[in-house]
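Full structure from sequences and hints, please.
Residue numbers (our numbering), protein chains in the order written: chain A, 99 to 273; chain B, 879 to 1031; chain C, 512 to 1174.
Hints listed in this document are in silico derivations from the structure and should not be mistaken for laboratory results. Honestly, I wouldn't trust all of these hints.
[Said to hold, decoys possible] Where chain A lies over chain C, by a calculated footprint (3+ residues, C-beta under 8 Å):
{"id": "1", "region": "799-808"}
{"id": "2", "region": "823-831"}
[Unchecked claim] Some chain B residues well away from chain A (every beta-carbon gap over 12 Å; in silico):
{"id": "3", "residue": "Leu901"}
{"id": "4", "residue": "Glu903"}
{"id": "5", "residue": "Leu1024"}
{"id": "6", "residue": "Ser1025"}
[Claimed, not checked] Quick list of simulated restraints, FRET-style, between CB atoms:
{"id": "7", "chain 1": "A", "residue 1": "Asn123", "chain 2": "C", "residue 2": "Tyr1079", "range": "55 to 61 Å"}
{"id": "8", "chain 1": "A", "residue 1": "Gln243", "chain 2": "C", "residue 2": "Leu652", "range": "38 to 44 Å"}
{"id": "9", "chain 1": "A", "residue 1": "Thr121", "chain 2": "C", "residue 2": "Val847", "range": "38 to 44 Å"}
{"id": "10", "chain 1": "B", "residue 1": "Cys923", "chain 2": "C", "residue 2": "Leu592", "range": "30 to 36 Å"}
{"id": "11", "chain 1": "C", "residue 1": "Leu960", "chain 2": "B", "residue 2": "Glu903", "range": "29 to 35 Å"}
{"id": "12", "chain 1": "C", "residue 1": "Arg669", "chain 2": "B", "residue 2": "Glu945", "range": "36 to 42 Å"}
{"id": "13", "chain 1": "C", "residue 1": "Glu1028", "chain 2": "A", "residue 2": "Thr262", "range": "46 to 52 Å"}
{"id": "14", "chain 1": "A", "residue 1": "Gln185", "chain 2": "B", "residue 2": "Glu937", "range": "36 to 42 Å"}
{"id": "15", "chain 1": "C", "residue 1": "Phe952", "chain 2": "B", "residue 2": "Lys1001", "range": "42 to 48 Å"}
{"id": "16", "chain 1": "A", "residue 1": "Pro128", "chain 2": "B", "residue 2": "Glu937", "range": "22 to 28 Å"}
Backbone N, C-alpha and C fix where the C-beta goes; we use that ideal spot for every residue, glycine too.
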Amino acid sequence: MKRFLLPVAIFAVLVGFLAVGLTLNPREIPSPLVGRVAPDFSLPQLHESDKVFSPKELAGKVWLLNFWASWCNGCKEEHPVLMRMAQAGNVPIYGMDYKDRRDEALTWLRRHGNPYVLTGVDEAGRIGINYGVYGVPETYVIDKQGVIRYKQIGPLDDEVVAKTIIPLVKELQSK
Amino acid sequence: MTWFLLIVLFVPQVVLGGEAKPLAEDPVAEARLKHLAVELRCLVCQNQTLADSNAPLAEDLRREVREMIAKNMSDQEIIDFLVQRYGDFVLYRPPVKATTTLLWIGPFLLLAGGAVALGLVLKRRRQAVTDMPITDEDHRRVEQLLSQGEKRS
Amino acid sequence: MIPEVGHFALILALCVALVQGVFPIYGAAAGSPVLMSMAKPAARAQFLLVLIAFCCLGYAFAEKDFSVLYVAANANSKLPLHYRLAAIWGAHEGSLLLWTFILTLWMMAVTLFSKHLPEAMRARILGVMGLVSLGFLLFMLTVSNPFERLIPAAPDGRDLNPLLQDPGMVMHPPMLYMGYVGFSVAFAFAIAALLGGNLDAAWARWSRPWTTVAWCFLTVGIALGSGWAYYELGWGGWWFWDPVENASFMPWLAGTALMHSLAVTDKRGGFKVWTVLLAIMAFSLSLLGTFLVRSGVLTSVHAFATDPKRGLFILVFLAIVIGGSLLLYAWRAPRVGLGGGFDLVSRESMLLANNVLLVVAMGSVLLGTLYPLFLDALGLGKISVGPPYFDTVFVPLMTPAIFLMGIGPLAQWKRASLPALAMQLRWAFGVSVGTALLLPFVLGKWTPLLSLGLLLSLWIVTTTVAHIRERVSHLVGNSLLSCLAALPRAYWGMVLAHCGIAVFIIGVTMVKGFEVEQDLRMNVGETATIGGYTFRFDGAQEVKGPNYIAARGIFNVTKEGREVTMMYPEKRLYAVQNQAMTEAAIDSGLLRDLYVSLGEPLEDGAWSVRLYHKPFIDWIWGGCLIMALGGLLAVSDRRYRLAWRRERAEAPEALQPLEKGAA
Chain A
99 MKRFLLPVAI
109 FAVLVGFLAV
119 GLTLNPREIP
129 SPLVGRVAPD
139 FSLPQLHESD
149 KVFSPKELAG
159 KVWLLNFWAS
169 WCNGCKEEHP
179 VLMRMAQAGN
189 VPIYGMDYKD
199 RRDEALTWLR
209 RHGNPYVLTG
219 VDEAGRIGIN
229 YGVYGVPETY
239 VIDKQGVIRY
249 KQIGPLDDEV
259 VAKTIIPLVK
269 ELQSK
Chain B
879 MTWFLLIVLF
889 VPQVVLGGEA
899 KPLAEDPVAE
909 ARLKHLAVEL
919 RCLVCQNQTL
929 ADSNAPLAED
939 LRREVREMIA
949 KNMSDQEIID
959 FLVQRYGDFV
969 LYRPPVKATT
979 TLLWIGPFLL
989 LAGGAVALGL
999 VLKRRRQAVT
1009 DMPITDEDHR
1019 RVEQLLSQGE
1029 KRS
Chain C
512 MIPEVGHFAL
522 ILALCVALVQ
532 GVFPIYGAAA
542 GSPVLMSMAK
552 PAARAQFLLV
562 LIAFCCLGYA
572 FAEKDFSVLY
582 VAANANSKLP
592 LHYRLAAIWG
602 AHEGSLLLWT
612 FILTLWMMAV
622 TLFSKHLPEA
632 MRARILGVMG
642 LVSLGFLLFM
652 LTVSNPFERL
662 IPAAPDGRDL
672 NPLLQDPGMV
682 MHPPMLYMGY
692 VGFSVAFAFA
702 IAALLGGNLD
712 AAWARWSRPW
722 TTVAWCFLTV
732 GIALGSGWAY
742 YELGWGGWWF
752 WDPVENASFM
762 PWLAGTALMH
772 SLAVTDKRGG
782 FKVWTVLLAI
792 MAFSLSLLGT
802 FLVRSGVLTS
812 VHAFATDPKR
822 GLFILVFLAI
832 VIGGSLLLYA
842 WRAPRVGLGG
852 GFDLVSRESM
862 LLANNVLLVV
872 AMGSVLLGTL
882 YPLFLDALGL
892 GKISVGPPYF
902 DTVFVPLMTP
912 AIFLMGIGPL
922 AQWKRASLPA
932 LAMQLRWAFG
942 VSVGTALLLP
952 FVLGKWTPLL
962 SLGLLLSLWI
972 VTTTVAHIRE
982 RVSHLVGNSL
992 LSCLAALPRA
1002 YWGMVLAHCG
1012 IAVFIIGVTM
1022 VKGFEVEQDL
1032 RMNVGETATI
1042 GGYTFRFDGA
1052 QEVKGPNYIA
1062 ARGIFNVTKE
1072 GREVTMMYPE
1082 KRLYAVQNQA
1092 MTEAAIDSGL
1102 LRDLYVSLGE
1112 PLEDGAWSVR
1122 LYHKPFIDWI
1132 WGGCLIMALG
1142 GLLAVSDRRY
1152 RLAWRRERAE
1162 APEALQPLEK
1172 GAA
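Have a look at this one:
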């Protein structure tokens, strides 16, 4: 008798998984770098190209690294959010101009505002690969020891900033 | 002489084409890239292999892999490089680890389960068999009857 | 106006479906002939109403009515008429309408070909199909309405996805759906049998032709999908184990098992419970496939525009239909008795083993397809499961099944003798093994997989010859030919279908073993040689299509100096969606395909070009076609033709004795 119930039992388990699956996003790739030291780099800056941008200089600080590009629509969406964060001054935001052209990037910042303390130039996209970037915009929260604590895939919005990023930043700053 | 030159200049140079060269700089390295890239997933389109995708990130990653091949890194080292940055998602051949044990053994567990179930059923049914001797003559008669039946319709 | 007519027709169809789903089944349980007789007219009415809706949508497309949202999203004023019509099933809403339409088509067929069935059974069958169509119509009318208006109307449409502007795309979904939906008939038969408590050999005999025809359509549908991917996607692949491809392959595997199981239930009264379970499984997998493609739960190259609301609706529908039928199974199946006994070595045991292998294979494909979802849902990370996994797992599972395919037809029912079978097959075995081991050397390359593929296909062919000989040896006839002609069509259908599989395996083995590819930069006038053929690039020109502009390459192909053909691969830019598409040039032949695909333009009129030589690749789809033909041949067997003729000749239906059955 029991074995006739087996098919419906298996099916029930399957439906359970499928129901959970409806709430997930199969396209999102979580980063294996969360909890690891942020990969090092040494790149020319966007505004002052003779100067260099390297994460080593930021040891002891909690900071945000935001990958963006002038050709990216999502970046335009999240830009006002970044501007507000920069004004609030809770955490310094550093930019990484990803696979872009210098003149177009400068124009874009001039037009939309510049929330970044400074911006690095990753023209070939190599640093992006080291950070596991697969689209723009992507944002990393990095702590005082230079360890990545959080990755935001896609544009930031006010809700994520208020509920996740700022509390995390405050927690890391108090350590 | 001038006539000859003029003819050579203006006749379309179709006939004297020559062999086309491979697209890649180094065909051996390219073959190795291909061998690796068909088992890697393009992260942007997500439904093509790294070998087939035309996405900019795919081109960048192929470039990275080519450079790693040129540095004589082994297949495993190249795979590890990508997995460190993108996770297991980038591999079309799921790695064998604790979380994927069920995936890899699953089919064979199913097969074993099926074989056991089959065995049990066969044992039960076998007991219900009654024997009836049938001769070759019987076989022939049967086929004869069947084929006659065919013709009648 | 016309779209509103279509919309209204769907609403009416919903009401009819409600009537059709509820009253006949209740009537069969209560023994009321009036209620039961509502099934047939209801089914026919539904067919008519959904046909009207379908034609209304077609009309909207033909007349370029961009005030209908669906038309605006999938067509364009420059899109040629035949593609505008094919665009009906180009996206989610319209493809659902196609699904429902095909369901009513099968319903109509059941009303036409079911006079020999007891009234109660037919009432239940149509009732179950009515409940399924109820679900789909409800789905369409609530969250997926193809007739939704766009106000104000768009000035022009967004155009059909260029990938879909192709003859393959026109035929592939209808064929596929005929298969998927066709399994609903077998499903309805199974549910009707469980409800009525009459699970006997007669039930299996009635069910068989419906199942076989559905299976034929599904085979053709999958082959078309694969062939379409091959020539449309430009990278020469033909099967990717993509979730949606798997979603169509799983019902096929279950359907194949079902066909074989039905044969046993029909002939020997055995496997009754198992056959019912398979029938439920096959259709459940069709529904599951529908869910997977439209819910956004898996990434796939096929993904329709996804929406969690839609996903939820289908999931609930799935849970009700499949859960309900499995509960019914759990309740009713134990009362069905065992069929006749059979020995450890017998045709029954081999068919059962074949079934087990097919179901295990299906389970493995399901496992691989859903495993990323399982891990993600449990928070254990994200992985990908692709061709390397499926290829590794599928071949070892199918190999024993194919081995059995050779022995099964020779084994007798109830009890067979293993030594006798071995004697009969020794020649087949020797020839297969010997040729499989040696032939690769003759062809120039030996790998284990190459040998295995050859062994399996040769095994099928040689054992087929062996059992034809065995069948004929018992006949007394004038000549060999008359003896062969005397064998029933169902038998030849089986032979043809099994040989189709052999052809398929040869195709796969030879292509995977011997295909060659070259990635080249070609300047005008340069040549390249691949597979013995010499390709000369004669430059590229610009051509204009109805809704695209293209760069067309000109390739002159010769073999040992003789002209073979000219090939014209294109790189097209579709203006409306601003999408670039590679149109590969393929020269098909019986023994090989030549495949040329343009890459990117380089300096001085040179192009990057990819050339392929693919031996025997058309045998892959040829094999599938032969399989489907085998199925059709089997269905045209004498006993079905006789039954049909008898039905037509009968005067108005005699009243069948009522079934005062258990509820």
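Which hints, by number, does the structure contradict? Hints 7, 8 not satisfied by this model.
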